[in-house]
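With the sequences and hints as input, model every part of the structure.
Once you know that position 74 of the sequence shown is 86 in the working numbering, the rest is easy, because the numbers rise by one and skip nothing.
Just the calculated beta-carbon pair ranges, DEER-fashion:
1. Ser70 with Asp46: 27 to 37 angstroms
2. Ser91 with Asp28: 30 to 40 angstroms
3. Glu69 with Arg44: 33 to 43 angstroms
4. Trp34 with Val68: 21 to 31 angstroms
5. Lys21 with Asp62: 17 to 27 angstroms
6. Glu40 with Glu69: 29 to 39 angstroms
7. Ser91 with Cys27: 27 to 37 angstroms
8. Arg90 with Arg25: 29 to 39 angstroms
9. Arg26 with Glu65: 30 to 40 angstroms
10. Leu59 with Arg22: 14 to 24 angstroms
The set of hints was computed from the structure by calculation and includes no laboratory data.
For every residue, glycine included, the Cβ atom is placed at its ideal position computed from N, Cα and C.
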Amino acid sequence: PIEDWTRTKRFARRCDVQVPTWLADAFETALRDDRHDLLAISVCTELCSDLLEGGVESLHFYTLNKPHLTREVVRALRSAPTASLRYVA
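Have a look at this one:
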């Protein structure tokens, strides 16, 4: 999950990567509304769920010693009705 939107934007610019407009707009709004963590968890959970539904058998998360958002993503995935979740976490 995106822990720090400002740093993520800066990193994307340095790598010459375009962040989708819908994602950038969503995070800018979430920052203003103090809902960044909720959005980060939601977006990451949806992406992971799509991967699992597409046949990916396992997921690996780099938490960089900040596990709280990843922990919530794993909880959400485990509560989802997906058969492949034995490899999550």
